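**Student:** Here the protein sequences come in this chain order: A and B.
Counting from 1, one number per residue, gives the positions in the first sequence under my numbering.
Counting from 1001, one number per residue, gives the positions in the second sequence under my numbering.
Hints listed in this document are in silico derivations from the structure and should not be mistaken for laboratory results.
None of these values were measured; they are calculated from a predicted model.
Please note: incorrect hints may appear among the correct ones.
Unchecked claim - Here's a subset of chain A near chain B, in silico, CB distances under 10 Å, partners left out: (1) 30; (2) 32; (3) 35; (4) 86; (5) 130; (6) 131; (7) 132; (8) 134; (9) 174; (10) 178; (11) 179.
Beta carbons: idealized from backbone N, C-alpha and C, even for Gly.
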Amino acid sequence: MRKPFLQSAFLKLIYKYLCRPALRYFVGVQYVDCSFLKDEEQFIIIANHNSHLDTLSLLTSLPCDILWKVKPVAAEDYFGNTKLKAKLSNFFINTLLINRHSKREDGENYAMNKMTKAIDDGYSLILFPEGSRGEPEQMSKMKSGVARLLAHKPGLKYVPVFMTGMGTSLPKGGLVILPHNSSLHFGEPTLPESSDPHVIMEQIEKDFSAMVQKYGIKEDEDDD
Amino acid sequence: MKKFLSMLFPSQSNEVILMISIILGILITVSAVLFFTKKIFPEKNLTELENRTKSWWIMILIFICAIFINNLASYICLAFLSFLAFRELYSVLHFRQSDRSALLLAFLAIPIQYTLAYIKWYGAYIIFIPVCMFLLLPSVLVIKQDTHRITKSMALLQWTLMLSVFGLSHLAFLLSLPDLEGFSSGGRGLLLFLVFLTEINDIMQYLWGKTLGKHKILPNVSPNKTWEGFIGGLISTTIIGYFIGFLTPLQTPYVILTSAMIAVFGFAGDVVLSAIKRDKGIKDMSDTIPGHGGIFDRIDSLSFTAPAFFHLVYYIAYPHL
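With these hints in hand, go ahead and build the complete structure from the sequences.
**Tutor:** Right, here's the structure in full:
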């Protein structure tokens, strides 16, 4: 895999010097140090999904030297419904576009095959197993694709990331960004305990429920 | 250093330059003491103190640059402080999804309020949030027709705006006060006096409480606050205020009165914000400032002392307006 020099420099420039300060000072994303990701050869970031800000915040948190080899997996029918849109998201967000409804028979266009190929090429991925952006501060059921991918690629580590507040800043269907303090919480890079997708899925779900317990926003109790 | 500072900020009065030198002097002394303590007793853990001092350096340098380099920049920086404070406070209060448009409007109130201060239109500035926003925000809230817990949103939104925007914007209007005859420091002198005394009061209350504190004052709100800390802080702040009274146009008895008042209101702001944090079950508002916590963990006292100080000085020294 060759480092795309132009794109790498460009991503560094826009994410580190443009997006990160804007997100930090205007939108209110509270960054944490995640330079430990530099020591990992390859990983899959698994995150909850409530807002378009999720992807941006994740990409701006990453150490900028590895930015070019981390691909957010995005829905082709949304980010790639026109050729231009696909080109733009591939260049600016470095996306790996997949078709959510593809089937095994589609060959190399099958979502799982596409992701496996990217992993084989040496890329790391960002996955939102919930599929689409849900209600703010609520996690919906995660789909098992990520577990199947991890089962298929033994030795690949995953990093759970839990974000809060993003859905309040820019919810699904929201037109403007409302500045709101939001935060990212990075878990440890973890090896799946088993090669059975069901067991891996349970492990991931356990990681997330621990993080929700620890960092999740608790609703006020009804007291009227 | 004084000469150098006079060269850097040629438009500032001698009193203001003297005060900046004193503040930088204190900071350098504290940093030096910390440095040598670390050299002599390497086993002592001073990380928290070091972080705090480092943050103090950054905050003070930003403050000095913001207030003394350019007039317009001062207003913009203070407006940005209000913005950060508002964002931080409302983020922990959990508004409803249907409050979004009202919240956006509240954000819009920040530049308007500071513009009114910048153009020195006192009449509009002083009623904009307590009257205009007070009527407008609930009206916008009802448009969504989601009445579940709307009372709470109405009350919280106005209160948050009052504390973080209306209260803090008094810092900006200090800069807009007209010149008084025979008083060369102007609004910047007053601003420096207020901010310095408020922060000194925080530190003094902490130090007195640490050394002498026995009788808890509000144990269910803030277990670390004691009567000894409060009274020790009140006395030291009043004495220090007396010595830096040259930054204000006030006569000595009034300097003493305003200094004591800064100590009392500073304490009040501190415990009010502590009570909110306790209610929400959080230790710090956010983690914007290393070693201190969030913006509001640092300016909690200031959000109370600013309006109190402004109106007292305005009443005593600017009666002709």
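**Student:** With a cut-off of 10 Å, does the beta carbon of residue 130/A approach a beta carbon of chain B closely enough for the hint to hold?
**Tutor:** 18 Å, violated
**Student:** Holds or violated: residue 132/A as interface residue toward chain B, Cβ cutoff 10 Å?
**Tutor:** 17 Å, violated
**Student:** Against chain B, with CB atoms and a cut of 10 Å, does the hint on residue 134/A hold up?
**Tutor:** Violated, because the Cβ-Cβ distance from residue 134/A to chain B comes to roughly 13 Å (cut-off 10 Å).
**Student:** Would you check whether residue 30/A satisfies its interface hint, that is, whether its CB is within less than 10 Å of any CB in chain B?
**Tutor:** At 6 Å from the nearest chain B Cβ, residue 30/A passes the 10 Å test, so the hint holds.
**Student:** Should the hint that residue 178/A touches chain B count as held when the rule is a Cβ pair under 10 Å?
**Tutor:** 6 Å, holds
**Student:** Hey, does the residue 179/A contact hint survive, CB to chain B under 10 Å?
**Tutor:** Hint holds; residue 179/A Cβ to chain B Cβ min 5 Å, cut 10 Å.
**Student:** Are residue 131/A and chain B close enough, Cβ to Cβ, to be under 10 Å, as the hint says?
**Tutor:** 21 Å, violated
**Student:** Against chain B, with CB atoms and a cut of 10 Å, does the hint on residue 35/A hold up?
**Tutor:** Not OK, violated: residue 35/A not within 10 Å of chain B, min 16 Å.
**Student:** Hint check: is the beta carbon of residue 32/A less than 10 Å from a beta carbon of chain B?
**Tutor:** It holds, given that the least Cβ distance between residue 32/A and chain B is near 9 Å, below 10 Å.
**Student:** For the hint on residue 86/A, does the least C-beta distance to chain B fall short of 10 Å?
**Tutor:** Result: violated, 31 Å to nearest chain B Cβ.
**Student:** Quick one, is the residue 174/A hint okay against chain B at 10 Å, beta carbons?
**Tutor:** 7 Å, holds
In the structure shown, a violation is registered for the earlier hints numbered 3, 4, 5, 6, 7, 8, in ascending order.
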